[in-house]
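A.B. asks: Produce the entire structure from the sequences given, and follow the hints as far as they go.
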Amino acid sequence: MNRKAFIQSHGAECKNWNWSWSFVNEAERFIIFGMWQDAETKKLGLILHKGWETSAKGRKNNGYGQAVEHIRLIEEQGYQLKTFPMIGEPRNPEEGELSASKIIEFTPELSDARLVALPDGWYASHADDNFETIAEVVIGSEEAEFWEGAAFRVHVNAYERNAEARKKCLQHFGFRCRACDIDFGERYGVLGQGYIHVHHIKPIHQCGGAYKVDPIKDLIPVCANCHAMIHRRADPLTVDDVRATLIGPKQ
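My numbering puts the first residue of the sequence shown at 943, with every later residue one more than the last.
Any given hint might turn out to be false.
[Said to hold, decoys possible] Taking lysine-lysine pairs in the DSS-like style, the calculated list, with each CA pair at most 25 Å apart, reads:
1) 957 - 946
2) 1154 - 1144
3) 1159 - 1109
4) 1110 - 1159
5) 1110 - 1144
6) 957 - 1002
7) 1109 - 1144
8) 957 - 999
9) 1144 - 1159
10) 1110 - 1154
11) 1154 - 1109
12) 992 - 1109
[To be verified] Derived DEER-like restraints, expressed as beta-carbon distance ranges:
13) 1068 - 997: 24 to 34 Å
14) 1174 - 1051: 31 to 41 Å
15) 1050 - 1158: 41 to 51 Å
Note that these hints are calculated values from the structure, not bench results.
Ideal placement from N, C-alpha and C gives every residue a C-beta, glycine not left out.
C.D. replies: Printed below as a string of structure tokens:
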């Protein structure tokens, strides 16, 4: 069964079968995305990267706009996300990490998924995953030495984050945002206790694969708002940069 026949067998359609990346079943209110993830990893999988809006040659990718529309149906209209795993050809090294890749294999099985929005795009986790913060979505190993960035087979590299390293970071710094000083437990009571993001001071994708992370030197706790501001630019801001932009009293 080819991909088009597989999608249509689930009652989903798209604007154009030549360039569409996502598909919708209006009657049953669900969206289908192919997921760049090895079927056996059971990790967070990439469904739409913001870098895909234009090609490596600067041309607008038609599938991106439709895919964003479908993301909005999930986020704002309550449509269910469904995914199927895909594997692509190696990327063109001359065109960079976000260059196009031809699908060479896919698994014709749909799974309900949970949409996860990160600064660089949208990902999918298992629908029954239970996590409190985005930093806990992908669970790393329990090695005594904390190794980050172990890439699993995916078109655009997705990286493992080590849960133990996060824990060591928070044991040292606590749960207060190092940029705006908010403590969610103080602000929201029991609901907010223990909630905080952990930011990688040097982006994982710049570390060249697996690397030994120092939970004190390489990680820092920030709130969701400040974390979003850090990643507002392609070259992330520092925590000091964000702190300097704050207007009015700290919360």
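A.B. asks: With 24 to 34 Å as the target window, see if residue 1068 and residue 997 comply at their CB atoms.
C.D. replies: Distance hint for residue 1068, residue 997 holds at roughly 31 Å.
A.B. asks: What's the verdict on residue 1110 and residue 1154, does the C-alpha distance respect the 25 Å limit or exceed it?
C.D. replies: The hint holds at about 14 Å.
A.B. asks: Is the straight-line distance between the alpha-carbon of residue 1154 and that of residue 1144 25 Å or less?
C.D. replies: The hint holds at about 12 Å.
A.B. asks: Hey, residue 1154 versus residue 1109, does the alpha-carbon distance stay inside 25 Å?
C.D. replies: Given that 25 Å is the threshold and the Cα spacing comes to 15 Å, the pair holds.
A.B. asks: Hinted pair, alpha-carbon criterion (25 Å max): residue 1109, residue 1144. Please report holds or violated.
C.D. replies: Measuring from Cα to Cα gives roughly 18 Å; hence the hint holds.
A.B. asks: Mind checking the alpha carbons of residue 957 and residue 946 for me, to see if they're no more than 25 Å apart?
C.D. replies: Cα-Cα ~12 Å, so holds.
A.B. asks: Indicate whether the distance between the beta carbons of residue 1050 and residue 1158 respects the range 41 to 51 Å.
C.D. replies: 46 Å, holds
A.B. asks: Measure nothing beyond the straight line between the CA atoms of residue 957 and residue 999; if it is 25 Å or shorter, mark the hint as holding.
C.D. replies: 23 Å, holds
A.B. asks: Holds or violated: residue 1110 with residue 1144, Cα cutoff 25 Å?
C.D. replies: 17 Å, holds
A.B. asks: Below or equal to 25 Å on CA atoms is what counts here, so check residue 1110 against residue 1159.
C.D. replies: 11 Å, holds
A.B. asks: Do the alpha carbons of residue 992 and residue 1109 lie within 25 Å of each other, as the hint requires?
C.D. replies: 29 Å, violated
A.B. asks: Just to be careful, I want the Cα atoms of residue 957 and residue 1002 compared with a cutoff of 25 Å; is the pair within it?
C.D. replies: 16 Å, holds
Hint 12 alone, counting from the list given before, is not met by this structure.
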